[in-house]
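*Asks:* Okay, here's what each chain looks like letter by letter:
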Amino acid sequence: MECREYEAQFNDYLDGELSLKERETLKVHLRECLSCYRKWNSLQKTKEVVSRLPNLNPPSYLSAIVMARVKERPSRRLTCSFSQLPKWIPLGAVAALVLIVSLVLWQVLLPSVPLRSRVSNQNNTPNIGSTSRQPVSKWTTTREESQAPVPVMVLRVKDFSRADRELQSMLRSIYGPMFTPTRPLNSSSARLIDIKVPGQRFSHLLRELHKIGHLDQSQVEIRGSVNPQKQKAISIRIVVVGNGSDVEIHQIRGVKNEPAGTE
Amino acid sequence: MRLHERQIFNFTYRMLGDEEEAEDLTQDIFIAAFKGIRKFRGEAKFSTWLYRIALNQTRNRIKYLSRRDFFAKQNRRAQHKEESPWENPEFLADSAPTPEQWTLTKSMAAQVQECLNQIPPQARQILVLRDVQGFSYEELSEMLSLNPGTVKSRLHRARSALQQRLADKLE
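Residue numbers (the numbering used here), protein chains in the order written: chain A, 1 to 263; chain B, 1 to 171.
Careful, some of the hints might be misleading.
Claimed, not checked - Simulated crosslink set (SDA-like; lysine to any residue; CA at most 25 Å straight-line): (1) B/K106 / A/N41; (2) A/K47 / B/K39; (3) B/K152 / A/K196; (4) B/K152 / A/C36; (5) B/K73 / A/Q200; (6) A/K71 / B/P120; (7) A/K196 / B/P120; (8) B/K152 / A/E2; (9) A/K39 / B/K73; (10) B/K106 / A/L56; (11) A/K71 / B/K39; (12) B/K152 / A/D12; (13) B/K63 / B/K106; (14) A/K47 / B/P120; (15) A/K27 / B/Q122; (16) A/K21 / B/Y137; (17) A/K21 / B/A78; (18) B/K152 / A/R38; (19) A/K39 / B/S66; (20) A/K47 / B/L146.
I should point out that these hints are in silico values taken from the structure, not numbers from a laboratory.
Predicted model only: the values in this text are computed from it and were never measured.
Please construct the entire structure, taking both the sequences and the accompanying hints into account.
*Replies:* Here it is in structure tokens:
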């Protein structure tokens, strides 16, 4: 057998697919041929290195985001299909519809008067177009989104004052040095922060929060109408609670209903 | 979802070489799976069905990211790094006792990932599925809708493509 034929067996040898006899023959050849041994050694190391690549852990909030996006999906479909169209298409369609309805009504209501005289007597005829025109209402989903409850995230930390500092400096790095929308929660070991996060940066924010403390998954209320990935900006409320804080969950929930920004 | 999310996340990470992109793609894969769950008839294993979705979504994402020069930028960033973890004597080939005793440090793993990023996506996917995630030829053949012979030859080509890129670093 030639070296080329032995080389063709390397991968099968790696995968344990050579017969005992073939294996023995190849081993003998590898002991005798330095060139083949080097090639074999390099291939073996390549496979070894790749199979030893570490397994990463996915972020703990991944399933929460997926479930929120799955729940949100049916209501988005309508908004998506319209928003993907060029802006002039829905406007043009509405205008064309209004024109057609007006013309039909004009023909039906005033069949005996010739068109020219109708135009000349325009001031005497009832203004059908203006009475039938309706104000364009917003899409339901958009209205729902504007009224959607603000998601509340409870961040539990061991050392409140340290975590508070870290959190504020992290938020300043995102929003700039003038960022100060925080307020104490009638307690020295709890704080409430209202922020608006760009949808694209929502995952980044969650990751940063995970570094600071334990983000209580059961308290992350991402409602069906909120899509962190696709929404332009999402308002969230972060409640930072230190260990041994006198603030209880029901108090935090009570805070949720207050208007944002009140002191 | 919890059963498979780690495996899928690692697959997407090895395919894209970027944690944030992998996270985003993993989300899309599971959403597509939830959406199409009614189409799963139990003819194949659930993991095979899920990986088929993962492979499709990954293919599309790679196309999308390539159009935006994502991988070119990633390679440029990698070239700027000056670390040379391969100088670690423990890792250096014949002087090390056996391959089993090697430990991949974080920076070594990053270098292997860079080499993985440089091989074509089709080769990368087969290599990751077989040598990183340990799927059998039969499973690969089902996932990729290819006959086992083709899977084998593609895997061999993928290994030698990676071997060429790793060669300097392994010697």
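*Asks:* Run through the hints listed earlier and report the numbers of any the structure violates, in increasing order.
*Replies:* 2, 3, 6, 7, 9, 13, 15, 17, 19
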